[in-house]
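Asks: Residue strings, one per chain:
Number of protein chains: 2
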Amino acid sequence: MKFNDTLKSIKLYEAGKPIELVVREFGVPKENVVKLASNENPLGPSKRVQEVICAYASKANLYPDDSMYELKDGLSKKFDVASSQIAIGAGSDQILEFISRALLSKEDSVLMSQVTFAMYEIYAKQMGATILRTPSYEHKVDEFLKLYAEHKPKIVYLCIPNNPTGDAMKKSDALEIIKAVDEETLVVVDCAYMEYAAYKDSAYKIEPKDILELPNVIYLGTFSKAYGLGGMRVGYGIANEEIIQNILKMRPPFNISTLSLAAAIEALKDEVYLEQALKLHTEQIKRYETFAKENGIKYIESYTNFITYLFDDSRNSSDVANKLLQRGVIVRDLASYKLNAIRITIGTESQNDILFEQLSEVMDLK
Amino acid sequence: MKFNDTLKSIKLYEAGKPIELVVREFGVPKENVVKLASNENPLGPSKRVQEVICAYASKANLYPDDSMYELKDGLSKKFDVASSQIAIGAGSDQILEFISRALLSKEDSVLMSQVTFAMYEIYAKQMGATILRTPSYEHKVDEFLKLYAEHKPKIVYLCIPNNPTGDAMKKSDALEIIKAVDEETLVVVDCAYMEYAAYKDSAYKIEPKDILELPNVIYLGTFSKAYGLGGMRVGYGIANEEIIQNILKMRPPFNISTLSLAAAIEALKDEVYLEQALKLHTEQIKRYETFAKENGIKYIESYTNFITYLFDDSRNSSDVANKLLQRGVIVRDLASYKLNAIRITIGTESQNDILFEQLSEVMDLK
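Protein chains in written order, with my numbering: chain R, 1 to 366; chain S, 367 to 732.
Note that these hints are calculated values from the structure, not bench results.
Take the hints with a grain of salt, since some may be wrong.
To be verified - Computed beta-carbon distance windows for the label pairs:
#1 S:580 - R:312: 54 to 60 Å
#2 S:689 - R:9: 50 to 56 Å
#3 S:518 - R:348: 57 to 63 Å
#4 S:545 - R:32: 50 to 56 Å
#5 R:215 - S:681: 17 to 23 Å
#6 R:151 - S:393: 36 to 42 Å
#7 R:276 - S:444: 39 to 45 Å
#8 S:386 - R:353: 43 to 49 Å
Stated by the list, open to error - Result set (DSS-like, lysine-lysine): computed pairs, CA atoms no more than 30 Å apart in a straight line:
#9 R:59 - S:732
#10 S:652 - R:59
#11 S:664 - S:537
Positions of the beta carbon are idealized from the N, C-alpha and C atoms, including for glycine.
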């Protein structure tokens with residue numbers, strides 16, 4: 001049986017290692033494993049959301065409202081856009097997949113930063129498209145504009161703030177790229193971590209309304225990070241109706257679960273939780289900056305819920321990550337992104353205590 | 367912006383109308399709505415599953431184990447196959463999508479029954495493939511073999527038992543088709559409702575092991591029906607490793623939620639629930655057969671958890687379905703499948719009481 005040629009070049013996404021695997025492979029007791037690898041919200045889901053999940057458990061046999069009326073209504077009010085301008089995905093990941101499948105073919109190219117979210121490439125390669133990357137891992141306006149002008153890619157991906165590096169573009173810089181791109185190209189503005197950037201510095205805050213006057217832009221957001229629902233798989237895309245109606249042709253029915261829909265609807269209402277999560281993060285990330293400075297470790301200034309420690313040649317990131325793993329501390333090695341760096345999710349105070357202690361030992365600090 | 371040409375011919379899947387919509391549009395109080403339209407398990411999810419969901423609510427912030435080790439292990443033991451022969455999807459729907467995207471292109475055709483599960487066509491059309499259908503709504507061996515020989519389609523879909531009609535092929539008939547198809551064609555044996563057929567008559571029971579000796583077959587199963595987890599979106603495909611490894615290239619990371627994974631693992635263990643669900647169904651479907659006979663309504667003998675009532679020219683299925691809808695009873699009109707028929711999910715005793723009462727009034731029976 002002959003599979004499509006595009007499959008040959010597809011690498012599988014390397015997910016952060018789950019707690020279960022560390023228990024299985026290294027025999028670390030489950031309660032001792034500290035997972036700071038997947039940018040999950042360390043606060044846990046909001047109590048209100050947990051109550052809703054329990055209340056909806058008895059409805060697990062029922063398909064969700066496939067129109068997702070109430071969730072779209074909530075997002076519509078939050079962002080001051082029409083419900084018809086919103087698509088809901090199983091994570092914003094799935095919106096990326098819809099976009100790729102609705103727009104790309106083997107003749108197309110797509111443009112992204114040197115180091116950025118891995119799924120852009122994977123979904124584009126599934127369609128046989130060519131991948132173009134800027135020279136720098138940061139999103140630099142001039143690099144994007146130069147490659148855009150040279151290749152006229154079908155899609156430009158802006159990951160603001162960027163994952164897995166944590167840096168961000170100012171809104172003014174993002175708009176400079178977006179406005180320079182003509183209507184034949186879709187600009188994907190992936191704002192999965194935007195809540196953290198906006199909380200830190202308003203110059204970095206981008207809202208759907210800021211870009212929707214342009215006909216060729218889609219804004220992506222998620223409930224997986226600041227809203228604490230990584231495990232529930234709910235994200236969204238906001239764009240003009242033509243784009244939304246076209247990408248929705250790729251949406252399978254019931255693409256998010258009944259419990260995920262209920263959880264996201266409640267999470268959107270719980271502003272107290274969101275503030276708590278952002279406050280905890282802001283306090284704790286300062287400890288990572290201090291730790292790095294005290295130990296002569298370089299880091300990328302972060303606008304997300306994680307921090308990237310960059311190592312010099314005296315260290316090897318895979319070695320550090322593996323040693324931590326054997327001690328039950330999971331972080332993300334960025335070697336596969338060609339960075340000698342590890343990405344650490346900012347955890348709770350006690351998780352971070354353990355990280356600092358174990359990292360000090362593994363790196364022989366002090 | 368130019369979207370792919372394949373999008374033009376895609377119709378969107380028409381999901382069963384949700385309870386929320388009937389409440390919104392017809393002002394029927396939520397507690398009075400009876401939904402017998404989406405083949406959900408009327409028993410509700412198993413109590414053990416509900417407890418697991420509640421217990422896991424506090425982990426909604428954590429991504430699931432993306433290897434799905436435990437669920438695959440459970441299925442592997444149940445079906446006596448290797449874990450590497452199993453792919454998990456967000457419903458068996460998503461396995462259909464992976465198959466379509468991994469195998470099809472514009473040059474290919476796919477073969478299916480005249481009336482069958484709508485997503486086969488939708489996913490195939492997303493890839494630009496040509497749709498071939500047998501003349502009959504039932505799966506007839508000679509019709510499949512004739513069209514297969516004429517067109518050599520890339521995929522043959524066997525929906526056993528068939529949705530939305532409820533009829534089934536005997537295992538011996540299915541094997542006759544499967545064995546006649548050569549290795550260049552994939553035979554998809556979609557057994558979403560198999561638990562009901564196997565419970566009713568062992569001549570209709572097909573297990574993965576029965577077909578896996580052949581290199582070009584994939585067996586699909588789901589937790590949405592007999593296992594009572596329609597809202598959780600978990601299904602699976604079982605085939606030889608080469609097929610599984612190829613279709614998994616289309617799998618997005620974390621394609622089922624943390625709670626869905628936990629729910630499916632528990633559901634697989636709760637055999638008491640499964641037996642209860644099948645017993646309730648068996649008792650209640652007899653009432654539908656009796657009701658039809660007493661009122662001169664033709665029906666298709668069902669091997670699933672629903673029954674299809676076929677109307678003669680004196681009735682219009684859309685009219686009947688709409689009148690029921692306004693009274694808060696949701697069934698599925700099959701007019702869009704070119705059948706003058708309605709499909710009714712077998713409900714609980716009290717739901718079925720209401721259905722019989724309302725249908726009698728709407729159809730002016732007795």
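Asks: Is 50 to 56 Å right for how far apart the beta carbons of residue 689 of chain S and residue 9 of chain R are?
Replies: 55 Å Cβ-Cβ, so the 50 to 56 Å window holds.
Asks: Using the beta carbons of residue 580 of chain S and residue 312 of chain R, state whether their distance is inside 54 to 60 Å or not.
Replies: holds, 56 Å
Asks: Looking only at beta-carbon atoms, does the pair residue 545 of chain S, residue 32 of chain R fall within the given range of 50 to 56 Å?
Replies: Given about 54 Å between the Cβ atoms, the range holds.
Asks: May I ask you to test the hint 39 to 45 Å on the CB atoms belonging to residue 276 of chain R and residue 444 of chain S?
Replies: Distance hint for residue 276 of chain R, residue 444 of chain S holds at roughly 43 Å.
Asks: For the pair residue 386 of chain S and residue 353 of chain R, does the Cβ-Cβ distance stay inside 43 to 49 Å?
Replies: holds, 46 Å
Asks: Taking the CB of residue 518 of chain S and the CB of residue 348 of chain R, does the distance hold inside 57 to 63 Å?
Replies: Holds, since residue 518 of chain S and residue 348 of chain R (Cβ atoms, about 59 Å apart) stay within the stated range.
Asks: Against the range 36 to 42 Å, how does the distance between the Cβ atoms of residue 151 of chain R and residue 393 of chain S compare: consistent or not?
Replies: At roughly 56 Å between Cβ atoms, residue 393 of chain S and residue 151 of chain R fall outside 36 to 42 Å, so the hint is violated.
Asks: Starting from the hint 17 to 23 Å, judge whether the C-beta atoms of residue 215 of chain R and residue 681 of chain S obey it.
Replies: Violated, since residue 215 of chain R and residue 681 of chain S (Cβ atoms, about 48 Å apart) do not stay within the stated range.
Asks: For the pair supplied as a hint, residue 664 of chain S and residue 537 of chain S, is the alpha-carbon distance within the 30 Å limit?
Replies: Holds, because 26 Å separates the two Cα atoms, which is no more than 30 Å.
Asks: Checking one constraint from the list: CA of residue 652 of chain S to CA of residue 59 of chain R, max 30 Å. Satisfied?
Replies: holds, 26 Å
Asks: Taking only the CA atoms, is the gap from residue 59 of chain R to residue 732 of chain S under or equal to 30 Å?
Replies: Violated - the C-alpha atoms of residue 732 of chain S and residue 59 of chain R are around 36 Å apart, more than 30 Å.
When the structure is compared with the earlier hints, violations turn up for hints 5, 6, 9 and for no others.
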